[in-house]
Structure formats: C-alpha cells, structure tokens
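Each chain, written out:
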Amino acid sequence: MKGERPPDVVAIDAWWNAVLAGGVDEPHPVHGDDLRVSIRHGALHLVGTLPTEADKNELLARGGDFVAHGIDRIDARHLKVAKLTEKSGILEQTLIAGFRNREVAELARQYLVDIRRLKAKQLEILDRDQASKVRRLVPEGFVSDIEQALEAGEAVLIVRVDETEAFKVREMLAEDTRSRRTVATPPVPVPGMR
Amino acid sequence: MAEVQSRARIDRPLNARDLTTKKLSLSEKLRAAGPGLITGGADNDPAGIATYSIVGASVGFAQNWLLLLSTPMLIVIQQMSAKVANVTKTDLATLLRTTFGARVATPAVLLMVIANVITMGADLLAMGAACELLTGVKFIYWVVPLAAVMAIVTIFTDYKVLSKYLLWLVAVFATYILAAFLSRPDWGAVLRSTVVPQISFSPDYFLGAVGLLGTTITPYLFFWQASGEIEERRGVQGISRRNVDISAGMVWSNLTAFSILVATGAVLYSHHTTIKTAADAARALEPFAGPYATVLFAVGVIGAGLLAIPVLAASASYGVAGLAGWRRGLGRHAKNAPQFYVVIGLAFLVAMEVAVSAVNPIKALFYSQVLDGLIAPVLVILLLVLTSSRKLMGDFANGLPTKVIGWAAAAVMILADVAVVYQVATKGLPG
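Heads up: the protein sequence lines correspond to chains V and W, in order. In my numbering, each residue's number is its place in the first sequence (first place is 1) plus 1. In my numbering, each residue's number is its place in the second sequence (first place is 1) plus 84.
The following block holds chain V by itself, in its conformation from the complex (with noise of 0.2 Å):
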C-alpha cells in the first residue's frame, strides 16, 4: 500500500521508543545482542560491533534525531564496525529449518527478509505439494530428512546464503523464528569458484 513503512523501519521506530522509554536490554531487531544501548545522565551510550559502516551511520543518524527529544547527547565511542578477516563469494552453505506448517514458515521467511533485511541466495518454502524439489535444493545426505518432515506435513524453510552469513542466520532460524528444528548443510564452493 502507497506510504506504508517497511517492517523494519516500524520494527526499529518500536525499539529507539522503547530505548527512550527506559527499555534498554531490548535487542535492537537488525543487530540483536551486537548492539548494547544504556542511557546514563542524559547520555546515549551505544556499544558493539556492527557489520558495516553503513549500518553505523544509520544507527547514528536514527539516534541524532533524537538528540534534545529525549537525550543529550550520544556516545559511540564503543561503537566499531566488524573487520571482516572472512571473504564472501568463496564457499556458500544451506540452511534447513522445519515448521509446523506453511504459515508457520512464511512468518520466518518475512522476518528474515523484512525484519532482519536477510539478503540470500536462494530462499524457499517447501510442504509436501513441492517434495520433487527437494533434491534440487539440498545435498543428498539431507534429502530423506526432510522428506520424512514433508510426509509428515511439516513445512520446511530453504536458506542458501554466503558462508560468512550462516552463522547469524542459523542463530535466527533456530533462537528467533523457533524452528522446529535447524540444520545446516556443509559449505561448499559458489558456483564457478576457481
């Protein structure tokens, strides 16, 4: 709909008001427990690591809006931006994670794409309608699991991301969208990787 806010524009309007109202243990909906806010003699105190300097400026610039609305001034002193020592487009992994149902696994996949901002590869959801594509889209060893959850009408959320992002999205999977279960395949190489 025309002039509606993205949900995570909401989810983090919801979190900088929950910060000004005293909230401050809430973890931020993008950057979960990377990120510690506390509020001490009218200071905003922002500690952490984040993934990039863009999501740095962002935060600040959110922040800034604020100051004299509720604070005085912020500190991110203790706010860095994460050294990347890993590379991305080297190996890439898949991610499996069971749900009750289709519903079920199209309310993770929003919150990943739309909350967390989850830019992946490939992402599906599959029930027992798609079983045939099981075998396209995950390593063989993995392939009769998920069919025994298919048959036995779970629904099941496909995430293929860069090696480097399977860490925070298995934490996702498994501790935000409670999963029945999570699995992550082994890293391969990306296609035409030489």
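If you're looking for bench data, these hints aren't it; they were derived computationally from the structure. Be aware that a few hints might be false.
Just a few of them, taken from the derived set where beta-carbon distance is under 8 Å, the chain V residues facing chain W [to be verified]:
no.	residue
1	I91
2	L92
3	E176
4	R182
5	V184
6	P187
7	P188
Just so we're clear, the structure is a prediction, and the values are computed from it rather than from any experiment. Note that CB positions come from ideal geometry on N, CA and C, so glycine has one too.
On the provided structure of chain V, position chain W as indicated by the hints.
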C-alpha cells in the same frame, strides 16, 4: 604425463577445504596464537594443578610420558571441537541432540555438567585454601564470598574482556618452568620417563593416570571451544589460523603441566613428601621462589580459579541450553538469555554446596579430575563420529591422521579407565 596430471587437477571437483586451507607464514602464525592461550590457561585450573602436583609427588616422573602422548591428542580433539562448530554453525550439545537424539545427548551432556559442578566446587576449595595461605583465615570461610563474586562477574560483566586480564595471573604458573630447572632434577631420568612409558600395576598409578588424562583432555573444554567459535562467528575460512592458535594454547598448557610434574617430582617425590594441603603443594616452587613460594602458588591458584570457574559454569550452561534449545551465550544480555544465566547461577550454588560439604580440598580436587577422565572417552568418541561424518562435515570431515590420533586418544583413555576400575575393584582405593 605432466599434461595428464595438470588436466586431473583442473577436472577435480573444487573442494571447500582446499579453498580455506592456507599455509601461514611465521608472522601470521605468531599473530594467530592468542585466544587459544585463554583456553589453554583454563585447562590448568586449580584442580589440574593439584592433580599434576599429586601425581608428581606420588609417582615422580613415572607419568611424564602420558603428557607427551596426550599433547597431540588434546590438540586434535580441540581442533575437532572448533571445526565442527565452524562447519555446522552450532554448538556441541545441539549437535549431539540433533544427530544422536536426546537419549544419547542428555546423559552425555549431563555427565559433563555434573563433572563441571564438582570441579567448580573443588576449585572453590582450592581458591579458599590459597586465600588461607595468604591470610591465615580458614579456607572454608572463603568459599561463599569467592563463589558470589565470580557468579556476579560471570552473569553481569563481559567475561571475555575480563579473561584477557586474568590470563596474566595464570602466567604465574610459568614460574613452574623455572622451578623445574632450578629443582635440578635428573634430566636423564626425566627424558627417559617422558619418551619410554613406565607402567606400574597399582591403584595409585592408574588413578593418577586417569586423573592426569582427565585434567588434560577435559570434557568441558570441548564444549567451551565449540561455543567460543559460535560466539565469535569465526567460520571455516579461519580454520588454519584457529588450528595454530589451538596448538599454541594446548602446547603451553601441557608445557606448564609437564613443569609441575618435574618440579613436584624433583622436590616432593624425592623427599617422600605426600601432598595433604595446599602448603605442601606450594613447596614445589621453593627452588625458584624460596620463602615466597607460598605467596606465588596462592596467587597462581586464585588466578587459575578466577579464569577457570566461570568457564566451567558457562560450559555447563551451554550444554544444558543446547539440549533444551534455549537462547545462550555470554555475549548476550542476561535478559535476552535468562535460562542460560539461571543455569550459570545454579551451577555456582551447587558448586558452593559441594565445596562446603567436602572435607579434604586436595582429595576433592583430585577425584573431580578422575571423574573427568572417566567421562572424557565417551565424549571423544561422539565428537569423532560427528566430525568424521561426510553428511555433517562435507569436505571438512576428518582425514586419516585426525581419525588415528582421535581414536588413539579414546583407546588410551578407555584402557586407563578399565585398568583403574579393575585395580580399585581388586585392591581398593588407595589411602
């Protein structure tokens, strides 16, 4: 011929392991060695120091060979723990549950938790005994305040930052290396006992062997290593660097342990001194520190305890939370992982109870490590099965050398366990 070989190389399917295995230069290796020293430091907790001291004082250099033998085993097992977490992106308890089911995972993890809590209790006693050496106030009065302070620090502060500073306290034990030299042992005998296995069929010997193996290849370290990888989100690309780091930490840990064996063997065993109190154990440092040996020993034990007890509590909680599927991690705020932190708090409470109930700190320290030695082979075997699975590990599944060393470790520990059970059953527990 060369063309055929070249084509074979090109045609070979690209392997994920090849893409991530990197030959490191010396300077890269030196830079990589760091965090593993914390794990290595935590391996030599007060219970470990007591066990090495008791073994050195009771059998001299006779079990030095076990440390040499266990060093590559410890390195390989810790590397497997790190690798399985980096490949599967999850911790050991979760993997045990999802791979083997709750029937296997629950007892395996609970055994580790029980051993951890008992070791925590014994470590608290050791720290109390160290405080008694420094202040003269009876050790038992130190248990509750020490446990309370450490529980608060673990739950409410950033333990990872703190542990970097605590490591300097544990560095006190590097003085054992100097003490080993200054105690003027018969180096020929030390060398012989290190490379030629000597086995004596007595309950004393085998209890010492199981305790020594249990404190060296200790179950909580597998869980701690894997959980550390998850918290740091290191990934498979850094595996070469991690292996160097782990090797450095474990070699450092076993070098310190070796020095304790040599120093206690030279100072205490040669004078037929048995260790009944912390003050007895501290005497092994006299060749280096003279009248200050007691102070040095006490500071080292307190530092080792401060470093290891939170690791033991957190490892237990990682295990329970992994089994239950709870949010977990020392990097999380207590409010966002409440059950994880409640388990840490409970571990401290039970450990306090264990410490207050124990009558002899030195015996409690030693037997907690024997318990670790009895449990360790089960977890090593499960870890080997996990890391050898092509399905779970893909191109990162164990190669032949890792399998050989890993299974040899399990076999040695099982043999020692069987021998100690037989010896104790036929001859009874030693006094």
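Here is how each hint holds up against the structure:
Because the closest C-beta pair between I91 (chain V) and chain W is about 6 Å apart, less than 8 Å, the hint holds. Because the closest C-beta pair between L92 (chain V) and chain W is about 6 Å apart, less than 8 Å, the hint holds. Against a cut-off of 8 Å between C-beta atoms, the interface hint on E176 (chain V) holds, since the closest Cβ of chain W lies about 5 Å away. Because the closest C-beta pair between R182 (chain V) and chain W is about 6 Å apart, less than 8 Å, the hint holds.
For V184 (chain V), the shortest C-beta to C-beta distance to chain W is roughly 7 Å, which falls under 8 Å, so the interface hint holds. Annotation: P187 (chain V) was flagged as interfacial toward chain W, and the flag holds, the nearest CB pair being 3 Å apart, inside 8 Å. Using the Cβ-Cβ criterion of 8 Å, the hint placing P188 (chain V) at the interface with chain W is satisfied: the shortest such distance is roughly 5 Å.
This entry satisfies every hint, going by the numbered hints stated previously.
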